[in-house]
Amino acid sequence: MHIAALHQPSQVQLNQQGNLKHFLTIEGLSKESLTKILDTAQSFLDENNNLINRPLLEGLTVMNLFFENSTRTRTTFEAAAKRLSANVLNIDIARSSTSKGETLRDTLWNLEAMAADIFVVRHSSSGAAHFIAKDVCPNVAIINAGDGRHAHPTQAMLDMLTIRRETKKPFEQLSVAIIGDIKHSRVARSNVAALQTLGCKDIRVIAPNTLLPVGFNEYGEHVRLFNQMNGGVTDCDVIIALRIQNERIDSPALASQSEFYKMYGLNKERLALAKPDCIVMHPGPMNRGVEIDSSVADGDQSVILKQVTNGIAVRMAVLALAMQGQLQEQGLIEAISL
Amino acid sequence: MHIAALHQPSQVQLNQQGNLKHFLTIEGLSKESLTKILDTAQSFLDENNNLINRPLLEGLTVMNLFFENSTRTRTTFEAAAKRLSANVLNIDIARSSTSKGETLRDTLWNLEAMAADIFVVRHSSSGAAHFIAKDVCPNVAIINAGDGRHAHPTQAMLDMLTIRRETKKPFEQLSVAIIGDIKHSRVARSNVAALQTLGCKDIRVIAPNTLLPVGFNEYGEHVRLFNQMNGGVTDCDVIIALRIQNERIDSPALASQSEFYKMYGLNKERLALAKPDCIVMHPGPMNRGVEIDSSVADGDQSVILKQVTNGIAVRMAVLALAMQGQLQEQGLIEAISL
Amino acid sequence: MHIAALHQPSQVQLNQQGNLKHFLTIEGLSKESLTKILDTAQSFLDENNNLINRPLLEGLTVMNLFFENSTRTRTTFEAAAKRLSANVLNIDIARSSTSKGETLRDTLWNLEAMAADIFVVRHSSSGAAHFIAKDVCPNVAIINAGDGRHAHPTQAMLDMLTIRRETKKPFEQLSVAIIGDIKHSRVARSNVAALQTLGCKDIRVIAPNTLLPVGFNEYGEHVRLFNQMNGGVTDCDVIIALRIQNERIDSPALASQSEFYKMYGLNKERLALAKPDCIVMHPGPMNRGVEIDSSVADGDQSVILKQVTNGIAVRMAVLALAMQGQLQEQGLIEAISL
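Chains as they are written, first to last, in the numbering used here: chain E, 2 to 339; chain P, 2 to 339; chain S, 2 to 339.
Rather than coming from a laboratory, the hints here were simulated on the basis of the structure.
Watch out, some of these pointers could steer you wrong.
No distinction is drawn between identical chains; accordingly, a pair holds when it is met within one copy or between any pair of copies.
Heads up, simulated BS3-like pairs for lysine-lysine below, C-alpha to C-alpha not over 30 Å straight-line [said to hold, decoys possible]:
(1) Lys135 x Lys202
(2) Lys32 x Lys263
(3) Lys307 x Lys135
(4) Lys135 x Lys269
(5) Lys269 x Lys32
(6) Lys32 x Lys202
(7) Lys170 x Lys269
(8) Lys170 x Lys276
(9) Lys169 x Lys37
(10) Lys276 x Lys135
(11) Lys169 x Lys263
(12) Lys202 x Lys37
Just so it is clear, the structure is predicted and the values come from calculations on it, not from any experiment.
If we strip away everything but chain E, and leave its shape as in the complex, we get (with noise of 0.2 Å):
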């Protein structure tokens, strides 16, 4: 798919008072949007980085429709519904609809007419969770938890959340380096874009140009490509590694794994070029050996699993705000009070 069919600026999940009332991608929302969800989570994490519950969807029910498989991303986004005090429920979707020959729109209406309040969507095709949001089921809070090779919205937002807790710097003064595979990844892209919103002005974007996207050059602007890893990291605040995708890679875009690391994975002695306090970031699950060495992994400059907990609150704020912004729209609240 080419990139520009993408960009298309969608309101769709925003309401009459410009709220969140689905989350479908980082693209198209305000800076403001973006600093809401990041206060919203931090309020959801004391000093020690512990998770504080809050039962702001008591008596409301989420579904999982995890149409591609995903324990992980599944797990926390359960974990942060029930730290809302939401009931939770796992849909069995793939098995549920398609077999006995229901249309998708009507195995939808179906779980919307069981009382559902959120639908947290996963789907391998780009803009499954838009369509749902637009289409089918505009008056269920939509999130969408990652379609296709386009969108991963939570997860940047987890890594927007790090970099403000772990920098401690403004947006507009780092320096953020994307390397690897960026073809195949659905982080990049939604990290890219908010970098761009939160006023980032140094996005490097590191990866062999076989691992690069048709369209490149549309990422837009404060984005620079960087075909070695020496010149791109250097000087770097922020350092993000991306897993590589072996399961999507359907050509011989690498000529092997080692190869890969030898041209691109972070060791120490190419994290010394970033500033001292540059943080390393991976959104997991790793390849030790292939795109980052097992000594930053665990070095004192990776917040990786900073990363995952943040997660959950970056997902407690996101379910909390669609869910606001849903009963402001139908009326039933005046403002949303987080």
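The hints should help you fit chains P and S onto chain E, whose structure is shown.
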């Protein structure tokens, strides 16, 4: 199986005071019992058709035992039980016992000893839930979530609730048509029994002879058979289109799906023969273009999605009532408080 | 594996104050520790053997990590955790990590970072839970739900609770026989260790030599071996019949099931040799007509289903105690309040 064998009046599901302690089948229940279920279910719905949560099963444990998979029905029971604040455990019953050579009876006794209060049972054999209630675990409230071709009593009760709420007429004055695959449907028999008990005087079954069960003439009073749509639906208040159970048809009873649609598909022209305010129902999942046309399924007279919401309310009612009946039987409460 | 290798005293499971912070194995725990578990479990049962819910894990997160499937054991832990008001997440651990090339250590760290407080671990390798507690996630309370042929410590404790409640005699005065497949049983070793620690002076193991583990003579004091039933069960207070682990037997150790029943099956005649008030136990699932006759399994002296209920109480106790031990270790509470 011959139908007559299933008409044994069953008092197994009532306690000594005559209140439900299991919910196994419509047959043998009085009009008062059915009305009690409908009234209780209605108390869980507000005027906007939104569900009201009630912590009636707080601290109690509901186990879903689905010997036969049905994601949809299981989800509705799980949602209903959680709205009553129960602890819900989905037991992988197919894997948990027979694979280790244990008898089913021992497996059930073990689950009961884990302090289960309610079993929701789905099984492909007619009478399975009845057998468990009578012979294995009489002190656990057993809820039949569908057994064989025999009964699907919560589906029948949600249909009755929908008819009562949507037609706003007494059952005595209604003409109700049930169309399609009577032979393989769990729904048809339960619905006919419920309609008869609630006083309906005009029940019409519309189907080709190949889709009627052996012994159809034993369906009882007020039931008329039609082989043609046009006579059958004329002046009806309620039309229930059944799903064509492709996966159950083991003989060439149907020439083809398109042939069925031509003869029995519910379309606008046929619906126009019914009363102008006739409601259209379907138990789901729908085969659009086979038993029902999309213009009818999505039309103004369709209450198909309201059935789904009513289904949660009915399952809440049945869970709560049977539990109270067990507690009354065991001397732990004096009277049913619902 | 040689038995001696497993007898290393393990202090990994105790915090600095000597209280449980994990629950990994019976071996190395004092009589006081085991009695504390039994007393706590007993506090969750009323005089009618009904379970009492206690919100001791309110707001905390329990993750079930069953590397080896066991629906029964998982269900008991899930039921126990929910009775303590925990949030429970069943992790599809087999699918979540290795399929994507992540190391097990990284997967566990990720789950910990999702703010897990307790891991319930079942694994086919001896020592897996111990390894996680010692080397991977020491700050998560690790509960061993069965590992390899080694330990099944919650089963042992539920057996001890059942013996204490049902015989009403001190352990010092009891004669206890364990019959059957000692070699492949997780239960036998844990039970012998628990009985020894609690002061039992007469532990009898009844089995053919082919079903004894290598190094059996290292089972320790107060343990006697019998190859015949008649001498072994005479004047016993407690008989524990073990399941014949057909699925684990990899050599022709048994001529046949019927041969085993003839030699070691517990029937009425053999039970009559024990004391008149001897209780009969079995860890389940039973092979009726192999290790135990139905007349005994369902007879007056059987306490097999009480074991199951006691198992919930014991798992509640172990979850709550280990959690408090973690909080004490981390300085968050001063003393164990149970």
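A quick look at each hint next to the structure:
1. With identical chains, the CA atoms of Lys135 and Lys202 are never at most 30 Å apart, being 33 Å at best within one copy and 45 Å at best between copies.
2. In the homo-oligomer, the alpha carbons of Lys32 and Lys263 never lie at most 30 Å apart, since the shortest distance is 38 Å inside one protomer and 57 Å across protomers.
3. Within a single copy, Lys307 and Lys135 get their C-alpha atoms only as close as 34 Å, which misses the 30 Å cut-off; across copies the closest is 22 Å, which meets it.
4. For a Cα distance limit of 30 Å, the shortest separation of Lys135 from Lys269 across copies, 28 Å, qualifies, whereas the shortest one inside one copy, 47 Å, does not.
5. With identical chains, the CA atoms of Lys269 and Lys32 are never at most 30 Å apart, being 34 Å at best within one copy and 51 Å at best between copies.
6. In the homo-oligomer, the alpha carbons of Lys32 and Lys202 lie at most 30 Å apart inside one protomer (14 Å), although the nearest pairing across protomers, at 65 Å, exceeds that limit.
7. For a Cα distance limit of 30 Å, the shortest separation of Lys170 from Lys269 inside one copy, 23 Å, qualifies, whereas the shortest one across copies, 65 Å, does not.
8. Within a single copy, Lys170 and Lys276 get their C-alpha atoms as close as 13 Å, which meets the 30 Å cut-off; across copies the closest is 70 Å, which misses it.
9. Only within a single protomer do Lys169 and Lys37 lie at most 30 Å apart by alpha-carbon distance; the minimum there is 17 Å, versus 47 Å between protomers.
10. In this assembly of identical chains, Lys276 and Lys135 lie within 30 Å of each other by CA distance neither inside one copy nor across copies; the values are 44 Å within and 35 Å between.
11. In the homo-oligomer, the alpha carbons of Lys169 and Lys263 never lie at most 30 Å apart, since the shortest distance is 32 Å inside one protomer and 69 Å across protomers.
12. In the homo-oligomer, the alpha carbons of Lys202 and Lys37 lie at most 30 Å apart inside one protomer (21 Å), although the nearest pairing across protomers, at 61 Å, exceeds that limit.
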